[in-house]
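Chain by chain, the residues run as shown.
There are 2 protein chains.
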Amino acid sequence: MVFHRKLPKWLGATAAVCIVVLSGYAWAQTSALPSWNDGPSKQAIISFVKQVTDKSGGKYVEPDDRIATFDQDGTLWVEHPLYSQAMFAIARLHELAPQHPEWKQREPFKAVLADDREAMAKFSESDWEVILAVTHTGMTNEAFEGIVRDWLASAKDPRFHRPYTELVYRPMLEVMDFLRANGFKTYIVTGGGQEFVRVYSQRVYGIPPEQVVGSSILTKYEYQDGKPVLLREPKLFFNDNYGGKAIGINLFIGKRPYAAFGNSTGDQQMLEWIQAGDGARLMMLVLHDDPVREYAYGPANGLPDSSVGTFSDALMDEAKKNGWVVISMKNDWKRIFDFEK
Amino acid sequence: MVFHRKLPKWLGATAAVCIVVLSGYAWAQTSALPSWNDGPSKQAIISFVKQVTDKSGGKYVEPDDRIATFDQDGTLWVEHPLYSQAMFAIARLHELAPQHPEWKQREPFKAVLADDREAMAKFSESDWEVILAVTHTGMTNEAFEGIVRDWLASAKDPRFHRPYTELVYRPMLEVMDFLRANGFKTYIVTGGGQEFVRVYSQRVYGIPPEQVVGSSILTKYEYQDGKPVLLREPKLFFNDNYGGKAIGINLFIGKRPYAAFGNSTGDQQMLEWIQAGDGARLMMLVLHDDPVREYAYGPANGLPDSSVGTFSDALMDEAKKNGWVVISMKNDWKRIFDFEK
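In the order they appear, the protein sequences are chains R and Z.
Just so you know, we're using this note's numbering here: the first sequence kicks off at 4 and counts up by one.
Just so you know, we're using this note's numbering here: the second sequence kicks off at 4 and counts up by one.
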């Protein structure tokens with residue numbers, strides 16, 4: 004840009020930033036998605052963004068309406084062998100156990116405290132609800148955030164021996180950056196706990212708390228020492244999964260997103276909901292087919308199904324029928340994690 | 004700015020806009036709040052904004068954390084003789100009545116259809132719930148939005164003979180503009196229906212749907228003709244009033260606002276919640292004490308209390324005790340509506 008030379012350096016830089024900001028509606032592609040191999044997945048993302056930002060085309064979308072939603076577990080970060088939030092709950096249960104000697108004899112606590120993985124793998128939804136109640140409720144929201152923050156600072160994933168917040172997929176961070184650079188507002192729409200994810204969403208994904216939609220616990224407005232607090236009650240308030248993802252999107256955003264990314268049966272309705280709108284829409288599913296760099300589970304190539312992040316045959320059929328793009332971690336991603344060489 | 008002369012005019016303008024945007028953290032006061040008389044209320048707003056935007060002071064707030072929340076009914080627009088949404092419900096009831104001949108004999112429908120204002124003034128909360136159920140539910144969200152949009156386009160307020168969306172307070176629009184010009188994100192936090200307010204919030208207040216927090220109806224994810232829809236069920240999902248306002252703020256925003264504006268007992272907890280945070284906080288209540296230009300109700304100067312937008316003596320006591328600023332519509336506002344001469 005010629006006028007740079009005529010400006011003091013800082014003003015030139017300011018103006019340059021501004022030009023990018025103000026012309027951000029135009030399509031920004033420069034070196035987008037460097038961790039993606041060339042192929043139909045990368046192409047689908049780039050072509051979608053080109054369409055919705057091209058004012059002269061018929062699929063142009065106003066910047067205010069450019070919304071993209073991302074599932075978290077298995078879509079933005081690792082969800083195996085168990086969801087990170089389940090790992091947190093288990094750790095918390097161990098921490099609280101000395102105050103609850105009766106847990107040693109009572110399921111589902113007994114299995115967790117004995118580290119009985121076989122029993123835990125068979126836990127029902129109501130088993131997990133009991134565990135969530137004692138580990139996620141009974142304190143103020145602020146206290147809970149502190150507990151999560153402390154755990155994240157010290158806990159490590161059993162396979163990669165790194166903090167859970169480092170197990171995020173670099174290619175997906177690039178997609179979020181690319182969409183944001185093209186005027187999109189990015190949201191996390193997770194079946195996981197909204198309050199849990201908000202603790203690190205800004206730092207890890209560049210997504211502020213108000214753009215995290217998740218499952219939530221009922222809270223009660225109360226006074227402690229004359230000060231108002233929000234107390235977490237042992238009751239689920241909102242289940243942001245399956246149809247709940249479409250409901251949550253409408254409740255929190257009030258607009259129909261143009262792009263959505265998921266990886267499991269809990270994301271199907273979110274993708275359907277988006278596709279039911281007019282114009283260009285991007286629906287993508289991450290398939291875990293890389294046992295070497297990450298994990299392999301799901302329907303393709305005879306991979307085993309999993310109860311954690313289920314990508315069922317039925318979901319694959321839906322994807323094919325509806326033209327959703329399935330991302331192969333193995334083939335589409337040059338690099339998965341930042342810590343890879 | 005010297006460098007303007009060196010740039011083509013459009014680039015200069017672009018850069019100028021950018022400088023304002025990028026330096027938006029600094030305090031922007033130029034001709035702020037023109038419809039406010041000089042006095043403690045205007046002073047409180049200006050002094051608050053000065054404090055939170057002054058990097059050298061001890062009360063500086065990062066732009067990402069600058070959140071301001073506004074009640075709607077009685078704070079941003081007229082709520083007498085009845086909340087506009089109640090007027091909508093009544094109109095809708097009349098419209099649907101021919102399909103429900105039994106309503107003529109059944110309360111609370113009977114009173115509404117007979118326009119029995121005395122009976123309606125005594126309606127209980129459950130009477131209103133019955134009316135809300137038949138007027139606000141049983142259709143998809145999209146259909147409901149269409150019904151609201153149509154009503155807003157034709158309905159007129161009985162006293163001012165103007166569309167309800169023109170009965171907004173100019174001084175409060177100026178406060179929202181002033182806060183936004185100083186890096187604040189403005190939210191509506193209303194006891195009214197979230198879906199109702201979202202229909203016009205962008206047009207009337209410059210507030211996008213995702214920044215409207217309100218009471219909401221339970222929705223269900225369903226398929227109609229193979230297409231997914233969100234069906235409105237006859238059940239309240241979330242009551243965004245009293246303690247619910249603090250809960251709603253936490254649920255939807257996940258940050259504690261620095262400024263909040265209300266006008267009735269349903270806003271008390273929102274103001275308490277905000278004040279319980281550190282640093283500079285601005286808590287304001289609009290008092291309706293201008294029977295000539297608008298209405299007069301509330302505790303001051305022997306004004307009658309009202310069941311619509313109750314400003315109780317107890318709330319006034321709280322305001323005094325906690326140092327909340329009470330805005331006098333009569334004395335603080337030069338002009339109330341845009342349509343005034």
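Derived from the structure by calculation, the hints contain no laboratory data.
Please note that a few of the clues may not be correct.
The list treats identical chains as one, so a pair stands whether inside a single copy or across any two.
Derived DSBU-like pairs (lysine-lysine); straight-line CA-CA distance at most 30 Å [unchecked claim]: (1) K238 x K223; (2) K159 x K53; (3) K230 x K53; (4) K113 x K333; (5) K188 x K258.
Model, not experiment: these values are computed from the prediction.
Review point. Within a copy, between copies, both or neither: where do K230 and K53 come within 30 Å Cα-Cα?
Key: The answer is between: 27 Å across copies meets 30 Å, while 51 Å in one copy does not.
**Study point:** Within, between, both or neither, where K188 and K258 count as close if Cα-Cα is 30 Å or less
**Key:** Both. Shortest intra-copy (11 Å) and inter-copy (18 Å) distances satisfy the 30 Å Cα cut-off.
Exercise for review: With 30 Å as the alpha-carbon cut-off, assign the pair K113 and K333 to within, between, both or neither.
Suggested key: This pair counts as neither: shortest intra-copy Cα distance 38 Å, inter-copy 67 Å.
Check your understanding: Quick one: K238 to K223, C-alpha cut-off 30 Å, is that within a copy, between copies, both, or neither?
Key -> For K238 and K223, the Cα distance is within 30 Å both inside one copy (11 Å) and across copies (20 Å).
Check your understanding: Is it within a copy, between copies, both, or neither that the alpha carbon of K159 lies no farther than 30 Å from that of K53?
Key -> neither (40 Å within a copy, 44 Å between copies)
Hint compliance for this structure: hints 2, 4 are not met, and every other hint is.
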